[in-house]
Amino acid sequence: MNKFERFLLTACFIELFVGGGGRFLEVGPFSLRQIIFILILVTYGLRIIFTKGLLDPKINKFISFNIGSIGIYLLLFWCLVSSVIGLAHGNAFSTIFTDFFRISYLLMYFPIAYYFTEGFMKKELIFRILLWSGLAVAILTVSIDICGKFIFKDNFLDFYNFINNVFSNDMFFRPSRGVFYKSHLYVLFAVLISIQSIYRKKAGFLEAAMVLLGLVSIVFSETRGLIYALMFGVVALTIVDFVHVSRFVKGVANKAKVLGSKEFVPKLVICVSLVFLTPYLSKSMVMARFTEDTKQVTPSQHNQDKEDPVERDESTNYRVMLLQESRDIVTSSPATFMFGAGYGTKIGPAEQVIEISGVDILVEQGLIGLGIWIFVCLIIYINYFKIYRLGAELTDIDCSIIACMTAIGFLTNVNPFINNPIGIGFLVFAIVCSQVRLNEVRQSLPQ
Numbered sequence: 001m002n003k004f005e006r007f008l009l010t011a012c013f014i015e016l017f018v019g020g021g022g023r024f025l026e027v028g029p030f031s032l033r034q035i036i037f038i039l040i041l042v043t044y045g046l047r048i049i050f051t052k053g054l055l056d057p058k059i060n061k062f063i064s065f066n067i068g069s070i071g072i073y074l075l076l077f078w079c080l081v082s083s084v085i086g087l088a089h090g091n092a093f094s095t096i097f098t099d100f101f102r103i104s105y106l107l108m109y110f111p112i113a114y115y116f117t118e119g120f121m122k123k124e125l126i127f128r129i130l131l132w133s134g135l136a137v138a139i140l141t142v143s144i145d146i147c148g149k150f151i152f153k154d155n156f157l158d159f160y161n162f163i164n165n166v167f168s169n170d171m172f173f174r175p176s177r178g179v180f181y182k183s184h185l186y187v188l189f190a191v192l193i194s195i196q197s198i199y200r201k202k203a204g205f206l207e208a209a210m211v212l213l214g215l216v217s218i219v220f221s222e223t224r225g226l227i228y229a230l231m232f233g234v235v236a237l238t239i240v241d242f243v244h245v246s247r248f249v250k251g252v253a254n255k256a257k258v259l260g261s262k263e264f265v266p267k268l269v270i271c272v273s274l275v276f277l278t279p280y281l282s283k284s285m286v287m288a289r290f291t292e293d294t295k296q297v298t299p300s301q302h303n304q305d306k307e308d309p310v311e312r313d314e315s316t317n318y319r320v321m322l323l324q325e326s327r328d329i330v331t332s333s334p335a336t337f338m339f340g341a342g343y344g345t346k347i348g349p350a351e352q353v354i355e356i357s358g359v360d361i362l363v364e365q366g367l368i369g370l371g372i373w374i375f376v377c378l379i380i381y382i383n384y385f386k387i388y389r390l391g392a393e394l395t396d397i398d399c400s401i402i403a404c405m406t407a408i409g410f411l412t413n414v415n416p417f418i419n420n421p422i423g424i425g426f427l428v429f430a431i432v433c434s435q436v437r438l439n440e441v442r443q444s445l446p447q
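Take the sequence shown: its position 53, counting from 1, is numbered 53 in my numbering, and each next residue is one higher.
Be aware that a few hints might be false.
To be verified - Computed list of lysine-lysine pairs in DSS-like fashion (alpha-carbon distance at most 25 angstroms, straight line):
(1) K202 x K262
(2) K283 x K149
(3) K58 x K123
(4) K250 x K386
(5) K3 x K58
(6) K202 x K122
(7) K58 x K283
(8) K386 x K122
(9) K122 x K250
(10) K201 x K123
(11) K3 x K149
(12) K123 x K202
(13) K262 x K250
(14) K153 x K255
(15) K149 x K201
(16) K283 x K250
(17) K122 x K3
(18) K58 x K122
(19) K201 x K262
(20) K201 x K257
(21) K257 x K202
(22) K123 x K386
As the list claims (entries may be wrong) - What follows is a list of derived Cβ distance ranges for each label pair:
(23) T98 x K52: 31 to 39 angstroms
(24) L323 x Y160: 50 to 58 angstroms
(25) T331 x D154: 28 to 36 angstroms
(26) N169 x P446: 55 to 63 angstroms
By construction, these hints were calculated from the structure, which means they are not laboratory data.
Backbone N, C-alpha and C fix where the C-beta goes; we use that ideal spot for every residue, glycine too.
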């Protein structure tokens, strides 16, 4: 692997982890994320040609068929079908193209599969980059939170405009001046990875700092989806760890003793505490958006202040409206329910993807498309279940990937991550990691 390819892949993951929605840097009509994506595909294509590996599945992963590549091909095919359906329904071509181009990031699976399967890049390196990137985003967002809430409290509008100019409107401020950034997804992942290190007693300064600052950043963002996704991720970590520790313990009573062991009790305390704290934190996040010191003083809002904050929660109300609009589209005909209304379908006022990914996929790609998406996500769990059945140990990275995929599985239904490059990038990386690990386990078994 030459230095340029290594640089491209490293830049790809750094940009994915810290670049938010991908529009931070733009060159003409293309963002930095899109440019790197195209460069990686072209570079990988040239490698296939120059190494004369067009018909060699070890080099040309486009013709290497396994559960991962088959799932990706099925999904890409159905995305193409959805584009045709959208055109047939008279949807705007520009919107259809945008929808399909966004999903085409799935093609990253093939170069990633080559570079990681053949050992040119190490997943441990990518996880280290993820931790440092998550810490950087956490420090950035906490700093913006502190500045907005305290330092520039009296001239917040100037600070708001400055931040939005720098970050191309990729920072979303709450009325209480907390900020949400799309790269909070990877802050969440970095926190889960760090908690896994704490579970296995391998945590260092980086992991400790990540948990502390990451949690502060998530709470300050006042994003309920993040805190619930964190809860589901930690629950997944705890369950996987318990299954792993007690796999050779026979009998229910003996397995119960594992729960009460000195090794497992701290993990159980962390998990249970988070489960009980999450509803409280979620409610406090809603209330924080309507605190007395942060509301805008206008006559109309003075009247709104008398209402129940939950009823004034525009985020929830907007999602309810989108669900109603989506229901009307999906139930309009059996064909639409099965095949979808096609890419480019407008749902209520939303021109592009809505914040509930599962519903968005169902509307545009139908029950068949939603089923394919679920299958592709389940590939990771299928691979790790096979590894477990073969008697191999689940590494820290394996457990972290399971937890991260569980978290994004919940989070994507309140924020559109899984059918966007920011989520697709991790999805294809996770599929490749699970397959590489499964192949390693199979090769280690006696013939």
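Hints and how they fare:
This hinted pair checks out: K202 and K262 have alpha carbons roughly 17 angstroms apart, not beyond 25 angstroms. A C-alpha spacing of about 20 angstroms is found between K283 and K149, which places the hinted pair at or below 25 angstroms, so the restraint holds. Proximity of K58 to K123 is assessed by CA-CA distance (about 19 angstroms); at most 25 angstroms being required, the pair is judged to hold. For the hint pairing K250 with K386, the CA-to-CA distance comes to about 21 angstroms; that is within 25 angstroms, so the pair holds.
The straight-line distance between the Cα atoms of K3 and K58 is roughly 21 angstroms, inside the 25 angstroms bound, and the hint therefore holds. Of the pairs offered as hints, the one joining K202 and K122 holds, with about 19 angstroms between alpha carbons and a cut-off of 25 angstroms not exceeded. Taking the CA atoms of K58 and K283, the gap is about 52 angstroms. The hint is violated against a cut of 25 angstroms. A distance of roughly 22 angstroms separates the Cα atoms of K386 and K122; the hinted pair therefore holds under the 25 angstroms criterion.
With a CA separation close to 37 angstroms, the supplied pair K122 and K250 exceeds the 25 angstroms bound. The hinted pair formed by K201 and K123 meets the criterion: a straight-line CA distance of about 20 angstroms does not exceed 25 angstroms. Simply put, K3 and K149 have alpha-carbon atoms about 44 angstroms apart, too far for the 25 angstroms limit, and the pair is violated. Restraint check for K123 and K202: satisfied, since their Cα atoms lie roughly 17 angstroms apart, inside the 25 angstroms limit.
Straight-line distance between C-alpha atoms of K262 and K250 comes to about 19 angstroms, which keeps the hinted pair within the 25 angstroms bound. For the given pair, K153 sits about 54 angstroms from K255 by alpha-carbon distance, which is inconsistent with the 25 angstroms threshold. The suggested pairing of K149 with K201 is violated, with an alpha-carbon distance near 36 angstroms, which exceeds 25 angstroms. Restraint check for K283 and K250: not satisfied, since their Cα atoms lie roughly 42 angstroms apart, outside the 25 angstroms limit.
Distance check on the hinted pair: K122 and K3 sit about 15 angstroms apart at the alpha-carbon level, within 25 angstroms; holds. Between K58 and K122 the CA atoms are separated by roughly 17 angstroms; this keeps the pair inside 25 angstroms, and the hint holds. The hinted pair formed by K201 and K262 meets the criterion: a straight-line CA distance of about 13 angstroms does not exceed 25 angstroms. Between K201 and K257 the CA atoms are separated by roughly 21 angstroms; this keeps the pair inside 25 angstroms, and the hint holds.
A distance of roughly 24 angstroms separates the Cα atoms of K257 and K202; the hinted pair therefore holds under the 25 angstroms criterion. Pair hint K123 plus K386 holds up; C-alpha atoms about 20 angstroms apart against a cutoff of 25 angstroms. Take T98 and K52: their Cβ atoms lie about 37 angstroms apart, and the range 31 to 39 angstroms holds. Hint check: L323 to Y160, Cβ distance near 31 angstroms, so the stated range 50 to 58 angstroms is violated.
Our hint of 28 to 36 angstroms for T331 and D154 is violated, since their Cβ atoms are close to 51 angstroms apart. Judged by the Cβ atoms, the range 55 to 63 angstroms given for N169 and P446 holds: they are separated by roughly 58 angstroms.
In summary, the numbered hints that this structure violates are 7, 9, 11, 14, 15, 16, 24, 25.
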